[in-house]
Structure formats: structure tokens, C-alpha cells
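There are 2 protein chains.
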Amino acid sequence: MEPPDRRGAAVTASATSPRDLAHPAREEIRLEAVLHALSDPMRLRVVRELAAADGEVACSGIELPVTKSTTTHHFRVLRESGVIRQTYRGTAKMNALREDALGALFPGLLDAVLAAADAQTARLGAP
Amino acid sequence: MEPPDRRGAAVTASATSPRDLAHPAREEIRLEAVLHALSDPMRLRVVRELAAADGEVACSGIELPVTKSTTTHHFRVLRESGVIRQTYRGTAKMNALREDALGALFPGLLDAVLAAADAQTARLGAP
Chain Y
1 MEPPDRRGAA VTASATSPRD LAHPAREEIR LEAVLHALSD PMRLRVVREL
51 AAADGEVACS GIELPVTKST TTHHFRVLRE SGVIRQTYRG TAKMNALRED
101 ALGALFPGLL DAVLAAADAQ TARLGAP
Chain L
1 MEPPDRRGAA VTASATSPRD LAHPAREEIR LEAVLHALSD PMRLRVVREL
51 AAADGEVACS GIELPVTKST TTHHFRVLRE SGVIRQTYRG TAKMNALRED
101 ALGALFPGLL DAVLAAADAQ TARLGAP
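Which chain is which? The protein sequence lines are Y and L, in order. Just so we're aligned: 48 in this note's numbering is position 48 of the first sequence, and the numbers increase by one with no gaps anywhere. Just so we're aligned: 49 in this note's numbering is position 49 of the second sequence, and the numbers increase by one with no gaps anywhere.
Treat the hints with care, as some may be off.
Output of the computed footprint for chain L on chain Y, the stretches with three or more beta carbons under 8 Å from beta carbons of chain L [claimed, not checked]:
{"no.": "1", "segment": "34-44"}
{"no.": "2", "segment": "106-120"}
To give an idea of the interface, some chain Y residues facing chain L are shown, with a C-beta separation under 10 Å as derived from the structure [as the list claims (entries may be wrong)]:
{"no.": "3", "residue": "27"}
{"no.": "4", "residue": "30"}
{"no.": "5", "residue": "31"}
{"no.": "6", "residue": "123"}
{"no.": "7", "residue": "124"}
With beta-carbon atoms standing in for the labels, derived distance ranges [to be verified]:
{"no.": "8", "chain 1": "Y", "residue 1": "67", "chain 2": "L", "residue 2": "49", "range": "37 to 45 Å"}
{"no.": "9", "chain 1": "L", "residue 1": "51", "chain 2": "Y", "residue 2": "65", "range": "32 to 40 Å"}
{"no.": "10", "chain 1": "Y", "residue 1": "49", "chain 2": "L", "residue 2": "123", "range": "24 to 32 Å"}
{"no.": "11", "chain 1": "Y", "residue 1": "91", "chain 2": "L", "residue 2": "52", "range": "48 to 56 Å"}
{"no.": "12", "chain 1": "Y", "residue 1": "91", "chain 2": "L", "residue 2": "104", "range": "40 to 48 Å"}
{"no.": "13", "chain 1": "L", "residue 1": "58", "chain 2": "Y", "residue 2": "89", "range": "54 to 62 Å"}
{"no.": "14", "chain 1": "L", "residue 1": "41", "chain 2": "Y", "residue 2": "125", "range": "28 to 36 Å"}
{"no.": "15", "chain 1": "L", "residue 1": "51", "chain 2": "Y", "residue 2": "115", "range": "17 to 25 Å"}
{"no.": "16", "chain 1": "Y", "residue 1": "19", "chain 2": "L", "residue 2": "100", "range": "45 to 53 Å"}
{"no.": "17", "chain 1": "Y", "residue 1": "49", "chain 2": "L", "residue 2": "67", "range": "35 to 43 Å"}
{"no.": "18", "chain 1": "L", "residue 1": "61", "chain 2": "Y", "residue 2": "28", "range": "28 to 36 Å"}
{"no.": "19", "chain 1": "L", "residue 1": "28", "chain 2": "Y", "residue 2": "69", "range": "30 to 38 Å"}
Bear in mind the hints are in silico, worked out from the structure with no lab data behind them. All residues carry an ideal CB built from backbone N, CA and C; glycine is no exception.
All chains, full assembly: derive it from the sequences and hints.
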């Protein structure tokens with residue numbers, strides 16, 4: 001696990017039931033936290049898969065070559081930074097990029113990161 | 001100090017004298033390392049000042065509200081990730097953004113991050 005970091009994005013959204021996951025409101029999302037979330041290869045891979053899916057994807061639909069607890073950690077960092085929204089649907093935890101929020105706060109940023117990831121994969125092979 | 005991280009950008013450029021600082025070659029620069037370098041508020045501040053200066057700036061010309069050793073650490077992370085080039089000129093260590101390398105590898109990324117930082121500052125006040 002990573003230590004708590006100082007990059008912002010306080011997570012204050014009230015959780016009204018144990019199944020409500022805390023998300024930063026749009027105005028609480030911080031650039032530094034978003035960049036930190038995107039700076040890990042596994043988290044960047046999740047973001048690319050969600051962008052390609054263009055909709056909600058279950059956690060079980062994204063396979064990472066790390067342990068389940070590390071996977072859960074990565075999803076949590078993405079959620080708490082404001083990059084993804086996680087919602088329970090029955091027993092599945094569904095994930096989607098917060099493209100509207102990120103696009104409103106930081107126009108072009110997510111697209112530039114996704115394009116850069118594609119360019120790197122094209123240059124170096126598998127991500 | 002931060003722990004060594006796994007985000008790439010091996011620094012293999014040979015140092016031919018003690019005053020030559022190691023930089024990754026362009027093809028060694030990794031997106032994850034660049035995003036990590038940009039994810040710290042102090043390092044983002046340095047990058048914004050260098051972008052605004054549009055040329056070389058001495059370390060002494062960039063004041064950060066942290067200790068000298070922390071400042072040195074931040075400049076090193078920026079250099080080793082490929083975001084900046086550091087060059088000794090006499091007794092001064094000069095810094096410049098590697099805009100050509102970053103623009104060639106990741107078109108639009110640096111501009112998107114700088115615009116996002118400007119937008120956040122406009123929204124929240126001081127960076």
C-alpha cells in the first residue's frame with residue numbers, strides 16, 4: 001500500500017449507506033491527485049480500458065497482473081482522486097471514467113494522457 | 001524523501017564529468033514517470049515557472065516554500081523523469097523544460113497539464 005499522500009482531493013461526499021462509495025464532488029477534484037492517480041502503470045491501464053469500453057465496466061472485467069488487494073487499492077486511488085466513479089449494481093462494483101467532470105475542470109487533459117499512452121504503447125509495445 | 005519508484009525512465013546517460021548531470025535520453029522517457037513528476041504541487045509549480053520563463057532559469061531563481069534539500073530532490077525527480085534538463089553554467093545550475101522531447105513523445109500533454117494548472121489556479125486562487 002502507498003502512504004497517504006498530500007495531493008488533495010478531500011473525499012467528503014457523505015456516504016448514506018455502507019454500499020455508497022465516497023467520491024469527491026467535482027469541485028473537490030485536484031489536478032495533482034488526478035496526475036498521481038494516472039502515474040501508475042496499473043491505474044493507467046484501468047483508465048485506458050474504461051476509455052475503450054465507453055461505459056461502465058465491472059471490476060471483475062478488468063484483469064490486472066497484481067493481487068486482488070492491490071487491484072482494490074488502485075481502484076480506490078482512482079475513485080478518491082475523481083478519475084472514476086464506482087457504483088454497486090447488485091453484487092457487482094461498476095466503474096466508469098468521470099469524463100464530464102474531468103473535461104469540465106481540465107479540458108483536453110484526459111484525451112492528452114490517453115493519446116500519450118497510446119503513443120507509448122505503439123513505440124514500446126505492450127503497455 | 002520519496003521511496004524509489006517503479007515508474008520507469010531509467011537514467012543511463014553516461015556522465016563524463018562530475019558536473020554532467022544524468023538525463024534520460026528521449027527514447028527512455030516514460031509517460032508514467034512524467035505524470036508522477038508532475039503530480040507534486042511543488043514540482044508542478046517549477047514546471048509552470050519554467051514554461052512561463054520560456055528558457056533557462058537558475059535553481060536560485062525559483063523559490064519554493066520547502067527546504068533546500070527538498071527543492072533539490074524535486075528538481076532531481078523532474079530531471080530523471082525527462083521533464084527538465086539541468087545544465088551547469090559556471091556555478092549556476094540552470095533548468096529548462098524538455099519541451100521538444102515531451103512534444104515529440106506525447107504531443108499536447110504538457111500544454112494540457114499547464115492549461116489544467118492555470119484553470120485550477122483561476123478556480124481556487126494561488127496554486
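Cross-check of the supplied hints:
| no. | hint | verdict |
| --- | --- | --- |
| 1 | 34-44 | holds (count 7) |
| 2 | 106-120 | holds (count 12) |
| 3 | 27 | holds (8 Å) |
| 4 | 30 | holds (7 Å) |
| 5 | 31 | holds (5 Å) |
| 6 | 123 | holds (8 Å) |
| 7 | 124 | holds (9 Å) |
| 8 | 67/Y with 49/L: 37 to 45 Å | holds (41 Å) |
| 9 | 51/L with 65/Y: 32 to 40 Å | holds (36 Å) |
| 10 | 49/Y with 123/L: 24 to 32 Å | holds (30 Å) |
| 11 | 91/Y with 52/L: 48 to 56 Å | holds (51 Å) |
| 12 | 91/Y with 104/L: 40 to 48 Å | holds (47 Å) |
| 13 | 58/L with 89/Y: 54 to 62 Å | holds (55 Å) |
| 14 | 41/L with 125/Y: 28 to 36 Å | holds (34 Å) |
| 15 | 51/L with 115/Y: 17 to 25 Å | holds (20 Å) |
| 16 | 19/Y with 100/L: 45 to 53 Å | holds (50 Å) |
| 17 | 49/Y with 67/L: 35 to 43 Å | holds (41 Å) |
| 18 | 61/L with 28/Y: 28 to 36 Å | holds (33 Å) |
| 19 | 28/L with 69/Y: 30 to 38 Å | holds (32 Å) |
Hint compliance for this structure: every hint is met.
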